[in-house]
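Produce the entire structure from the sequences given, and follow the hints as far as they go.
Each residue of the sequence shown is one higher than the one before, counting from 1 in the numbering used here.
FYI, nobody ran anything at the bench for these hints, they're computed from the structure. Glycine residues also receive a C-beta, built at the ideal position from the N, C-alpha and C atoms. Hints may contain errors.
Claimed, not checked - Taking lysine-lysine and the DSS-like style, the derived pairs with C-alpha atoms no more than 25 Å apart in a straight line are:
{"#": "1", "residue 1": "90", "residue 2": "50"}
{"#": "2", "residue 1": "90", "residue 2": "3"}
{"#": "3", "residue 1": "90", "residue 2": "78"}
{"#": "4", "residue 1": "90", "residue 2": "49"}
{"#": "5", "residue 1": "48", "residue 2": "110"}
{"#": "6", "residue 1": "48", "residue 2": "78"}
{"#": "7", "residue 1": "50", "residue 2": "3"}
{"#": "8", "residue 1": "78", "residue 2": "183"}
{"#": "9", "residue 1": "78", "residue 2": "181"}
{"#": "10", "residue 1": "90", "residue 2": "102"}
{"#": "11", "residue 1": "183", "residue 2": "110"}
{"#": "12", "residue 1": "50", "residue 2": "78"}
{"#": "13", "residue 1": "49", "residue 2": "3"}
{"#": "14", "residue 1": "26", "residue 2": "110"}
{"#": "15", "residue 1": "49", "residue 2": "78"}
{"#": "16", "residue 1": "110", "residue 2": "78"}
{"#": "17", "residue 1": "26", "residue 2": "102"}
{"#": "18", "residue 1": "26", "residue 2": "90"}
What the hints assert, rightly or not - Quick list of the computed label-pair ranges, beta carbon to beta carbon:
{"#": "19", "residue 1": "143", "residue 2": "45", "range": "28 to 36 Å"}
{"#": "20", "residue 1": "162", "residue 2": "21", "range": "18 to 26 Å"}
{"#": "21", "residue 1": "80", "residue 2": "39", "range": "46 to 54 Å"}
{"#": "22", "residue 1": "140", "residue 2": "28", "range": "27 to 35 Å"}
{"#": "23", "residue 1": "114", "residue 2": "79", "range": "46 to 54 Å"}
{"#": "24", "residue 1": "39", "residue 2": "74", "range": "13 to 21 Å"}
{"#": "25", "residue 1": "91", "residue 2": "185", "range": "39 to 47 Å"}
{"#": "26", "residue 1": "127", "residue 2": "52", "range": "18 to 26 Å"}
{"#": "27", "residue 1": "143", "residue 2": "28", "range": "40 to 48 Å"}
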Amino acid sequence: MEKRIIQREQALERITEHLLASGLSKTSLRQLAGAADVSDRMLLYYFKKKDDVLTAAMQRVAFQLASLLEAALPADEKLPAAELLERGAKLTRSDEIAPYMKLSMEIVAKAGRGEAPYGDIAGAFVDGFMVWVEARLDTEDLNQRRAEAALILTLIDGLAVVSLGVEAADLDAAISLAVTKLKAAP
1 MEKRIIQREQ ALERITEHLL ASGLSKTSLR QLAGAADVSD RMLLYYFKKK DDVLTAAMQR
61 VAFQLASLLE AALPADEKLP AAELLERGAK LTRSDEIAPY MKLSMEIVAK AGRGEAPYGD
121 IAGAFVDGFM VWVEARLDTE DLNQRRAEAA LILTLIDGLA VVSLGVEAAD LDAAISLAVT
181 KLKAAP
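Laid out in structure tokens, this is it:
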């Protein structure tokens, strides 16, 4: 493999680790280059502009998260919506997945403010999560499965936001209530 490609991949891996550890608060070109252990100019040699760095790093974050989620809940395991919500909520609150959830919340917030390139990144994250959830639901009707996937995604993302200011016991109670309501739904 070409030396430049190897060095670019190494820089990208370090930036990905930096984003998962620090979030989006330290994403100036200089900070990203520092995280990659390269100069600003070298980072721009690997990527045309800062947005390209962030987009590539977020693609890597999404791939890593998809791999973790796939290992925990393989696509061939089809579940009722209530069970998938319960397992998904527990999984996304785990120490291993929590940094990804926090970063995705930051991405969505920046996208909501219209900051580039976060709109496209947030859209790709949401689309990816929807596909992931839909693939694990045992619901036959396609429209119902899509609606259940959207509900599960909404509840899990909502839990990620609310977890910033609510005790774990209250979150557990909220998840339990949502699961009970979902089981009772027609």
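Quick rundown of the hints versus the structure:
1. 90 <-> 50: violated (35 Å)
2. 90 <-> 3: violated (42 Å)
3. 90 <-> 78: It holds: about 17 Å lies between the C-alpha atoms, which stays within 25 Å.
4. 90 <-> 49: Roughly 37 Å separates the two Cα atoms, so the pair is violated.
5. 48 <-> 110: The hint holds at about 22 Å.
6. 48 <-> 78: violated (42 Å)
7. 50 <-> 3: This hinted pair holds, its Cα atoms lying about 21 Å apart.
8. 78 <-> 183: holds (16 Å)
9. 78 <-> 181: Within the cut-off at roughly 20 Å; holds.
10. 90 <-> 102: Given pair residue 90, residue 102 holds - Cα atoms ~15 Å apart, limit 25 Å.
11. 183 <-> 110: violated (35 Å)
12. 50 <-> 78: Judged against 25 Å, a Cα distance of about 40 Å means the pair is violated.
13. 49 <-> 3: holds (20 Å)
14. 26 <-> 110: This hinted pair holds, its Cα atoms lying about 14 Å apart.
15. 49 <-> 78: Distance of about 42 Å is beyond 25 Å: violated.
16. 110 <-> 78: Answer violated: residue 110 to residue 78 is near 34 Å, above 25 Å.
17. 26 <-> 102: holds (14 Å)
18. 26 <-> 90: violated (29 Å)
19. 143 <-> 45: 28 to 36 Å: violated (49 Å)
20. 162 <-> 21: 18 to 26 Å: Roughly 23 Å apart at Cβ, these two residues keep to the hinted range, so it holds.
21. 80 <-> 39: 46 to 54 Å: Given about 53 Å between the Cβ atoms, the range holds.
22. 140 <-> 28: 27 to 35 Å: violated (50 Å)
23. 114 <-> 79: 46 to 54 Å: Violated, at about 36 Å.
24. 39 <-> 74: 13 to 21 Å: violated (42 Å)
25. 91 <-> 185: 39 to 47 Å: Check failed, 22 Å falls outside 39 to 47 Å.
26. 127 <-> 52: 18 to 26 Å: holds (20 Å)
27. 143 <-> 28: 40 to 48 Å: Roughly 45 Å apart at Cβ, these two residues keep to the hinted range, so it holds.
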